[in-house]
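S.K.: Given next are the chains, with one letter for each unit.
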Amino acid sequence: MDFKPCVNIQNEWDIVGARQLGREQAKEVGFGTVDQARIATAISELARNIYLYAGTGKICFEIINNLERKGLIIVAVDQGPGIRDISQVMQDGYTTSGGLGAGLPGVRRLMDEFDIVSDIGVGTEIRTSKWIRKGLGGA
Amino acid sequence: MRIPILKLHNYLLISIQTDLDDQTAIQFQEDLLNKIHKSGATGVVIDLTSVDIIDSFIAKVLGDVVTMSDLMGARVVLTGIQPAVAMTLIDLGIHLQDVRTALDLEQGLIKLRQELED
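Chains as they are written, first to last, in numbering that gives the first Met the number 0: chain C, 0 to 138; chain E, 0 to 117.
Just chain C, same shape as in the assembly (with noise of 0.2 Å):
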């Protein structure tokens, strides 16, 4: 359970790389399908933005698997400039790359839980999990 591996996030095919490794995680802890492809595409959405917006970081997946419960915590770590307005950055169709915006709020979409510290000149962490639900035997 204190497994921890990191993905480092250096150029844009850290990215591919992340999210295969995601994926990898998602199916030992026993995710369906469809919950793989959301916690994947997660991992792609957070591992673009250290890419994008502080150049280099790291992905790093916990698996929590006790009696009470499973699941993946995904944590998302830079040393880049920092988010300023965090309301803004949440709000759908709010980029300042080209994209469509669509990045952090869909991954809180996607995931169960969405915890996000940032500090300017600091760096930011994300911290973003799904848990598998009771009773669907991670279907």
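Just so you know, these hints were derived from the structure itself, not from any lab. One should not assume that every hint holds.
If we take Cβ atoms under 10 Å as the criterion, some of the chain E residues that face chain C in the derived model are [what the hints assert, rightly or not]: (1) Asp20; (2) Leu47; (3) Asp51; (4) Ile53; (5) Ala58; (6) Lys59; (7) Ile93; (8) Leu108.
Here are the in silico distance ranges between beta carbons for each label pair [claimed, not checked]: (9) Thr48(E) - Lys26(C): 15 to 25 Å; (10) Gln90(C) - Gln96(E): 36 to 46 Å; (11) Asn33(E) - Ile119(C): 41 to 51 Å; (12) Gly39(E) - Asp114(C): 35 to 45 Å; (13) Met0(E) - Asn7(C): 19 to 29 Å; (14) Asn64(C) - Met71(E): 30 to 40 Å; (15) Asp111(C) - Glu29(E): 35 to 45 Å; (16) Gln78(C) - Asp117(E): 23 to 33 Å; (17) Ile119(C) - Gly39(E): 48 to 58 Å; (18) Lys26(C) - Lys37(E): 35 to 45 Å; (19) Val116(C) - Thr48(E): 36 to 46 Å; (20) Asp63(E) - Asn10(C): 49 to 59 Å; (21) Asn7(C) - Thr48(E): 29 to 39 Å.
No farther apart than 20 Å at their CA atoms in a straight line, the calculated lysine to any residue pairs in the SDA-like style are these [stated by the list, open to error]: (22) Lys59(E) - Lys26(C); (23) Lys26(C) - Asp63(E); (24) Lys26(C) - Arg1(E); (25) Lys34(E) - Arg1(E); (26) Lys26(C) - Lys34(E); (27) Lys59(E) - Leu51(C); (28) Lys59(E) - Thr95(C).
Glycine is no exception: its CB is placed at the ideal position from the N, C-alpha and C atoms.
Model the placement of chain E on the given structure of chain C, informed by the hints.
M.R.: What follows is chain E alone, placed relative to chain C:
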């Protein structure tokens, strides 16, 4: 990495068989427009059966490809979007409005033929 574009009569057929990275997606956009220009194709089918992730960037590129091809006089149909991918796109808030879609390659070709022969 380059995505092959096949020509069949007036149509271009593309089957994306690889996990799309950003560079490949952008390269594909350029290659397809050039191929439309050179071949005079009137219809394009992009089959996404083997694609298991479409994030907001890839969705934007695909949406742009459809609009750009349209500007050049070629209709695009996206086919084979997996159920998990469709669900994820909606969660992301991406609706791909005004994009023609069909269940599979065969349906896509039927749709193109109907639209272009009307």
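S.K.: Each hint: holds or not?
M.R.: Evaluation of the provided hints:
{"no.": "1", "hint": "Asp20", "result": "5 Å, holds"}
{"no.": "2", "hint": "Leu47", "result": "13 Å, violated"}
{"no.": "3", "hint": "Asp51", "result": "6 Å, holds"}
{"no.": "4", "hint": "Ile53", "result": "7 Å, holds"}
{"no.": "5", "hint": "Ala58", "result": "7 Å, holds"}
{"no.": "6", "hint": "Lys59", "result": "5 Å, holds"}
{"no.": "7", "hint": "Ile93", "result": "6 Å, holds"}
{"no.": "8", "hint": "Leu108", "result": "27 Å, violated"}
{"no.": "9", "hint": "Thr48(E) - Lys26(C): 15 to 25 Å", "result": "20 Å, holds"}
{"no.": "10", "hint": "Gln90(C) - Gln96(E): 36 to 46 Å", "result": "20 Å, violated"}
{"no.": "11", "hint": "Asn33(E) - Ile119(C): 41 to 51 Å", "result": "43 Å, holds"}
{"no.": "12", "hint": "Gly39(E) - Asp114(C): 35 to 45 Å", "result": "53 Å, violated"}
{"no.": "13", "hint": "Met0(E) - Asn7(C): 19 to 29 Å", "result": "21 Å, holds"}
{"no.": "14", "hint": "Asn64(C) - Met71(E): 30 to 40 Å", "result": "52 Å, violated"}
{"no.": "15", "hint": "Asp111(C) - Glu29(E): 35 to 45 Å", "result": "39 Å, holds"}
{"no.": "16", "hint": "Gln78(C) - Asp117(E): 23 to 33 Å", "result": "57 Å, violated"}
{"no.": "17", "hint": "Ile119(C) - Gly39(E): 48 to 58 Å", "result": "53 Å, holds"}
{"no.": "18", "hint": "Lys26(C) - Lys37(E): 35 to 45 Å", "result": "42 Å, holds"}
{"no.": "19", "hint": "Val116(C) - Thr48(E): 36 to 46 Å", "result": "40 Å, holds"}
{"no.": "20", "hint": "Asp63(E) - Asn10(C): 49 to 59 Å", "result": "23 Å, violated"}
{"no.": "21", "hint": "Asn7(C) - Thr48(E): 29 to 39 Å", "result": "32 Å, holds"}
{"no.": "22", "hint": "Lys59(E) - Lys26(C)", "result": "27 Å, violated"}
{"no.": "23", "hint": "Lys26(C) - Asp63(E)", "result": "32 Å, violated"}
{"no.": "24", "hint": "Lys26(C) - Arg1(E)", "result": "29 Å, violated"}
{"no.": "25", "hint": "Lys34(E) - Arg1(E)", "result": "13 Å, holds"}
{"no.": "26", "hint": "Lys26(C) - Lys34(E)", "result": "39 Å, violated"}
{"no.": "27", "hint": "Lys59(E) - Leu51(C)", "result": "16 Å, holds"}
{"no.": "28", "hint": "Lys59(E) - Thr95(C)", "result": "14 Å, holds"}
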